[in-house]
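Visitor: Sequence:
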Amino acid sequence: MQSDATTVEQYLAELADDRRPGMTELVRVIDDNLPDGFERA
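If you're matching positions, the sequence shown starts at 1 in this note's numbering and goes up one per residue.
Think of the hints as simulated: they come from the structure by calculation, not from any bench.
Some hints here could point you the wrong way.
[Stated by the list, open to error] Label pairs and their computed distance ranges (CB to CB):
hint, residue 1, residue 2, range
1, L15, A41, 15 to 21 Å
2, F38, D4, 22 to 28 Å
3, Q10, N33, 20 to 26 Å
4, A41, M1, 30 to 36 Å
Ideal Cβ placement from N, Cα and C applies to all residues, glycine included.
Build the full structure now, drawing on both the sequences and the hints.
Guide: Written out as structure tokens, the structure is:
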């Protein structure tokens, strides 16, 4: 899927309803495991 979203939140909002929960969880896991000093852009 191509997207013109410029943020993770915008991308998630564009997803089909059946895909959004899994991708939201994936983003949460990634965010929770970023090393200290790193943040999502």
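Visitor: All hints, please: hold or fail.
Guide: The hints, checked one at a time:
Range check, L15 to A41: Cβ separation about 19 Å, and the 15 to 21 Å hint holds. About 25 Å separates the C-beta atoms of F38 and D4, a value consistent with the hinted range of 22 to 28 Å. A hinted range of 20 to 26 Å holds for the C-beta pair Q10 and N33, which are about 22 Å apart. About 20 Å separates the C-beta atoms of A41 and M1, a value inconsistent with the hinted range of 30 to 36 Å.
Consistency note: the structure conflicts with earlier hint 4 alone.
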